[in-house]
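**Q** What follows is the residue order along each chain.
Protein chains: 2
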Amino acid sequence: MAELDRYLVEQRERFEDELCELLRIASVSTDGQHAAEIRQAGEWVAAQLRGLGLATELIDTSGNPVVYAQSAPVAGAPVVLVYGHYDVQPPDPLGEWISPPFEPTRRNGNLYARGATDDKGQMLTHIKSAEAWIRTVGRLPVQLKFLIEGEEEVGSRGVTDLIGQEAERLACDVVVISDSCQFGPGQPAITYGLKGLAYFELRLTGPRQDLHSGTFGGAVTNPANGLTRMLASLINDVGRVQVPGFYDDVVPLSDRERQQFASLPFDESVFMQRLGVQGLAGEQGYTTLERRWARPTFDINGIWGGYQGAGSKTVLPARAGAKFSFRLVPDQDPDKIRRALREHLEPLCPPGIQMELIDMHGARGIVVPLDSPFMQAAATAIEQGFGRPPVFIREGGSIPIVNVFHELLGVDTLLLGWGQDDDNTHSPNEKFSLADFHRGIRTSAHLWHALGKIEVEQRA
Amino acid sequence: MAELDRYLVEQRERFEDELCELLRIASVSTDGQHAAEIRQAGEWVAAQLRGLGLATELIDTSGNPVVYAQSAPVAGAPVVLVYGHYDVQPPDPLGEWISPPFEPTRRNGNLYARGATDDKGQMLTHIKSAEAWIRTVGRLPVQLKFLIEGEEEVGSRGVTDLIGQEAERLACDVVVISDSCQFGPGQPAITYGLKGLAYFELRLTGPRQDLHSGTFGGAVTNPANGLTRMLASLINDVGRVQVPGFYDDVVPLSDRERQQFASLPFDESVFMQRLGVQGLAGEQGYTTLERRWARPTFDINGIWGGYQGAGSKTVLPARAGAKFSFRLVPDQDPDKIRRALREHLEPLCPPGIQMELIDMHGARGIVVPLDSPFMQAAATAIEQGFGRPPVFIREGGSIPIVNVFHELLGVDTLLLGWGQDDDNTHSPNEKFSLADFHRGIRTSAHLWHALGKIEVEQRA
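Those sequence lines, one after another, are chains A and B. Quick note on numbering that gives the first Met the number 0: the first sequence kicks off at 0 and runs consecutively. Quick note on numbering that gives the first Met the number 0: the second sequence kicks off at 0 and runs consecutively.
The following block holds chain A by itself, in its conformation from the complex (with noise of 0.2 Å):
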């Protein structure tokens, strides 16, 4: 690894000037006006593997195209599959960048860009990892399999029938993805948890208008008051779920994970300045880290109904409605929970009032153990390239391309950030810090030999 480690030093002006290039093409998938950057992202990200002898393609989906590249079969070491995505978010408010959004431009350590650590640079360190083993070693330590897909920010949904359609091709031991952070400056982590998510619309409907609130309130049931009392009925005020059997399948937090939460350097005060509120409150008995990372949860995500301008307007709405979720912790099934749901409500919905419960998405939580042997290399790879053990953490929300991962191809997925939780992705003036950059390589490449020393059966 001596040699390696050299390469990767001697490398790093050109690896910095690499992604500047990728990241001068305005490959923004939000608006469909960027096809042709789209593509041409597609294609740098394609020449890279190719350049580097792996067998390439770029594939046209239903939506956009996909970059696939593997390496040759290691007999008895893992297959790595290694996804990212080469599409980034619009820039706007343009206004509000300091530097142009596609002008990468170097400051106080950092490389200021659109898609600078969302995903371009998290994802290439991945690509130079590879690179570094062929042309120092000759050869990668386990087979890798690249998917960097172009619509991540939009749905990755021809990624998503990809994967179904490609299934025996993909197959692999685990998955890794660089797309999110670590703890702190300093402190990198792997993420082993997200929460699954149940997302439901309930609609209201009331009488056939909108009604004078004095001629006919206190007869015809309000559509707004049924709802408020609806979605109160769904939480106690010491946050605990009501609906029946919600907790039944929740895998309760180990203790070695509560005392792993508790030992982080998590500050309430700093966290709750951040956000700019006085009080933070939610499920009693759990401490913060532990109700955002491992417990389920209720949210309103939108509520609306009636007269919403300015002064007062004394009408009895014809309709209410609100979008909610619940996030789900493993075992909990998005099914039972959609069925309990509407049990618990259907009989609290009052006289006169139609009820429409749509379910809008269900994915259930995800665990990595702990104890798994790619988590394990993941962990010394960390060590090795950022020179500090990685804290292990879950996280509040979905990844959905992790779900498909899972009950796609049946594997785990490694989440190991290299961005800040300040790079501003996603906002004006995202950024990546140059030196976590340098560190992913150098992680990616200890990465492929820690996981080359797993051993795994041979494929059918």
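Hints are supplied without guarantee of correctness; some may be wrong.
All copies of an identical chain are treated as equivalent in the list; a pair is satisfied when it fits inside any one copy or across any two copies.
To be verified - Here are the simulated EDC-like pairs of lysine to aspartate or glutamate, each with C-alpha atoms no more than 16 Å apart in a straight line: (1) 335 x 247; (2) 312 x 152; (3) 312 x 421; (4) 452 x 256.
These are computed hints drawn from the structure, not numbers from a lab.
Starting from the structure of chain A, add chain B where the hints point.
**A** Okay, now just chain B, sitting in the frame of chain A:
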């Protein structure tokens, strides 16, 4: 009265023609675009009253001009103030009118035009009845004071200021307003009770900006969650308001009122069909009419927060809010209820949320004693004019000007509506039955007669 009744029959066609003249003036007050027509309509009304020999002025106010006219004092007889308005709602949506809104058109015994019933047609009945007295008897049996304003549809600011400034000049024993409905076709009514109102806006503010509901849910309090909990706490599942002390000052329905309401031909199934609802609900222990007319109620008038667009967005909203109101009955005090509401809500506001409770509007409920001599006179007049005695009803809405007369002049108001509830006030194809127009004039003429018989103390 025989000569007077004959006069009314002879002049029917001219009365209708004159109403059409007034209806051709597009005196829309809501948009500020019709100042010329507003003044023209005010001048038309003033000319009518001046033509009867009344001392008449078009008074400029802080808002639109007010027509004021008064006849000679009649010793020992009451002073009666007739209130009405010459402004109208906008005609939109124009495309839905069968005949143009400002070209009055007769169809099926009705006159179709914007303002036909609200309030030009109803208001004019009192001018024409005065005309009949003056042209036949030569004088009025009571002193009439006409106060006809031009911004009722936008809040009556100018006339309210004027009443405050000119309380002495406007001093009277009773107010008469015809700007409402009969109980049903062929069944005239006197509205003897109006509800009051306590209208609020509740704004809850959480984090500085919308947050990701996965990353922050369960830790940061969701203002929309808090809002539904706080609003749901205001009323229980049998329709009882839960604000402490809310019912303390409620004057209960008398047995006589309950019997009267019960004897009215009110068909719940027709009512439900018309509104398009499958059921009715409200405070337990009261009939639908009792709840609508004489029991306090709680309605959410508007509610908002978070994402209201299509699809799903996993956001924890920074803000949520609602407009809501209580309809009050005598002797509930809106100020007392506001204080009790604040005391009730404040402890329910969860940690991390800032609560702002805005008092938008307060008015007391009003009931005119059924045994008042003015009420009896009105009943007698209606029986003469409509050939059928009125029923006595209450109304769930508020009419702010009635409170103004009560508070600033210390007098009760007789609400004598000649309209029907399908007259499309505020909607396309507004109409007024021509038979009811003439019955209204006749009733009004008999009302001056009946009121003239009431002995009142001489004013200082």
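**Q** Please go over all the hints and tell whether each is borne out by the structure.
**A** Structure-based check of each hint:
1. 335 x 247: within (10 Å within a copy, 46 Å between copies)
2. 312 x 152: Close across copies (13 Å), not inside one copy (40 Å); limit 16 Å.
3. 312 x 421: neither (42 Å within a copy, 21 Å between copies)
4. 452 x 256: Intra 27 Å, inter 90 Å, cutoff 16 Å: neither.
In terms of the numbered hints stated before, the structure departs from hints 3 and 4, listed from lowest to highest.
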